[in-house]
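Engineer: What follows is the residue order along each chain.
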Amino acid sequence: MLSSITIQDLFFFVLSSVIIFGAIMVVSSKNLIHSAINLILCLFSTAGLFILLNAEFVAIAQVMVYIGGVVVFMLFTIFLTTRLGEEHLEPLFKNKFFNGTILVMAACWVASFIPSVIDPERDQTFAQNASLTEVGARFLDLRESGFIVPFEVISVLILVAMIGAIAIAKNDNDPKNKDEVSN
Amino acid sequence: MAKEELAKNSLEALKNADQHPVGDVIRKYFSENFENEFIAHVFSSSSNILLSILVMTAFAGGTASFLIWLERKVCARMQVRLGPTRVGPFGLLQSIADGIKLVFKEMLRPKGADPFIFYLAPFLPATASFLVLAVIPFDKNIQVVDIDVGALYVIAVSGFGIFGILLGGWASNSKYSLLGAMRAGAQMISYEISVGLGLLLIVMLSGETSLREIVFSQYGTVNNWWIFKLPIFGIIAFILFLISSTAELNRGPFDLPEAESELSAGFHTEYSGITFSMFFLAEFINMFIAGAIGTTFFLGGFLPFTIGIEGFDNIMFMIPGWAWFFAKTYFIIFLFMWFRWSFPRPRIDQLMNLEWKFMLPANLLNIIIAGAFLTLGWLL
Amino acid sequence: MEAYIAIAAYCFVGLLFVGGALVASKLVAFTSENTDVKGQPYECGIEAFGDSRIRFKIGYFIYALIFLVFDVESLFLYPCMRIFKQVVETGKVVSQFSQPIEIAPIVIFMELSVFFFVLIFGLIYAWRKGALKWE
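Protein chains in written order, with my numbering: chain A, 176 to 358; chain B, 3 to 382; chain C, 69 to 203.
Check the hints yourself; a few may be wrong.
Said to hold, decoys possible - To give a feel for the contact side, a few chain A residues facing chain B, derived at Cβ under 7 angstroms:
1) V238
2) G243
3) L250
What the hints assert, rightly or not - As a list, the in silico DSBU-like pairs of lysine-lysine whose alpha-carbon atoms are at most 35 angstroms apart:
4) B:K107 / C:K94
5) C:K197 / C:K125
6) B:K103 / B:K75
7) B:K113 / C:K94
8) A:K205 / A:K271
9) B:K107 / B:K75
10) A:K205 / C:K94
11) C:K125 / B:K359
12) B:K17 / C:K153
Hints in this document: simulated from the structure, not taken from any laboratory.
The structure presented is a predicted model; accordingly, all values stated were derived computationally and were not measured.
Just so it is clear, CB atoms sit at the ideal spot from N, CA and C, and this is done for glycine as well.
Isolated chain A, as found in the complex (with noise of 0.2 angstroms):
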């Protein structure tokens, strides 16, 4: 099995490898910012596998909006919350045999899928590269073919979420939220 390994395979594992070593620091590390840093390393392997995919849009959208936006917004939420970068966290379940359970279920799961990730005979070929062009004919097109109406969906989608968080984080008639608050 060995001298069937491609280069692409090699990057699979190691950005697999990288991806499964990030996620298990992000939960396991007892410091929120050190969480937020290995997550990036997580998401950003992850765009590694988009490129492998040679869906570079994907890619670019993962390091420009997850990477970029949301690990950035994350960050800018713990350093607005009072020391909890330097609090030590207790985990949410305590029960090591419920835990134990879970995570064996967890990887018989993952395990399921080993066959046929082994056999020689699967599909090789490799994913056509769908270039900015195309992601952005499909997003437009007006036939049954297209992504019209999704599109337009992720507009209000995000506007719902915008006006959602505004209204929550405007909402500071707590006096509790008042005081020692610096610019």
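With chain A held as given, fit chains B and C onto it using these hints.
Structural biologist: Leaving out everything else, chains B and C in the frame of chain A:
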């Protein structure tokens, strides 16, 4: 003769120029017979990318130190001083001397600082700037990689620099650092949108996202450069791009994150020696990148200044493309420096209002009106 | 793909450059004696007091949130804007996988206008609600 000249300078000829010859240029200066096999392999044509990366790394360091010298000279001249004159001719080696000094300085880490994040932070902005340099077309054939999603890549990767600032400011365990980092973060994310929308206008009008193709879409006379081609949108977009990239670079007059009079040095207050110089290096490489992106999108990149008169154009085409590229880039960099030493610093609320209540609506309107004109066929 | 391998190599070289500089400095740099005052955060000469991890106002949070919205928006606009000129010039988009997709320029303009105006509405809402005000 004239026809051959024209054919040599035609769009197809420029487009079909060999790719990845950074390595070839270097290899020309070394003899073919290498005794050491490893060196021979490094200089073989299959490793053009490796070679170009090494060249670009050296280039990044050199550019940063040159820009630091230039900044000091321009500042001094604007204040009727001489600036550095002692080290080397015209003080050119001053920044190298400073760099050597900084290597020998102690790296201080305040008590209570998180060591891992404190030392991780200087890596991020410098690496992000290196990554952006990879897609910049310096000449028709000098570009490390040309990717289809170039314009998006520039915006996505340049957003990385913010992590160094936020994490560095937080990890320092100092009030000034944290305040500076939060301000820098808010400012950079705000103005990143304006930069992105400014480039979006050019993507819409040129129909290309690869940086090389965007440059070629401006082929022709000087009127075809995107800044001059449209009735007025190009100039508006260029001015908005200049303002927003100045703010995204955290340079004066928008240097609130490191406003000396209120925040000491902002997010890098606690950094010293080489860790500080890495932030400094990234700042100056970013300035070069902002100039280069402005050149690529608005000023015709490596294309020469031609006016449509054959004799004049042929003379202009004799000047190599990279010379045009650097001339235009340094023109924009000079504008950045000019801003810095001419304008007073706004307050932070004024800065935020400028972005969200003026620049963002202006950019959106610019795109919508240009799109309407394009649909009606009044443009291009 | 090759381009991205080059970019990965570039990333690696960048990290190596900074790491090398840090290690070199660690080896040659002058180190002074460790005292209590040396580890103090800088507060203009007076002794540091209170907690350094101060609390921030909610304004930063709202700006980050609106940024996220417009970040996603500009990301989705890039592929659409890329085909705009092609549509205006030829009336169709040449697709790699299927037949050329025919779209009238006015239709694509209307589609993008809807997307734009929903977001401009969001901006106006945030403005009217005072979310863009720095207090």
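Engineer: Does each hint fit the structure? Answer for all of them.
Structural biologist: Taking the hints in turn, this is what the structure says about them:
1. V238: Interface hint status for V238 (chain A): holds (4 angstroms vs cutoff 7 angstroms).
2. G243: Holds - the Cβ of G243 (chain A) comes within 7 angstroms of chain B, reaching about 3 angstroms at its closest.
3. L250: holds (5 angstroms)
4. B:K107 / C:K94: Roughly 9 angstroms between the alpha carbons, so the hint for K107 (chain B) and K94 (chain C) holds.
5. C:K197 / C:K125: The given pair, whose Cα atoms are some 17 angstroms apart, holds under the 35 angstroms limit.
6. B:K103 / B:K75: holds (20 angstroms)
7. B:K113 / C:K94: holds (18 angstroms)
8. A:K205 / A:K271: Status holds; Cα separation ~18 angstroms.
9. B:K107 / B:K75: Holds, at roughly 25 angstroms.
10. A:K205 / C:K94: Holds - the C-alpha atoms of K94 (chain C) and K205 (chain A) are around 29 angstroms apart, at most 35 angstroms.
11. C:K125 / B:K359: The given pair, whose Cα atoms are some 20 angstroms apart, holds under the 35 angstroms limit.
12. B:K17 / C:K153: holds (20 angstroms)
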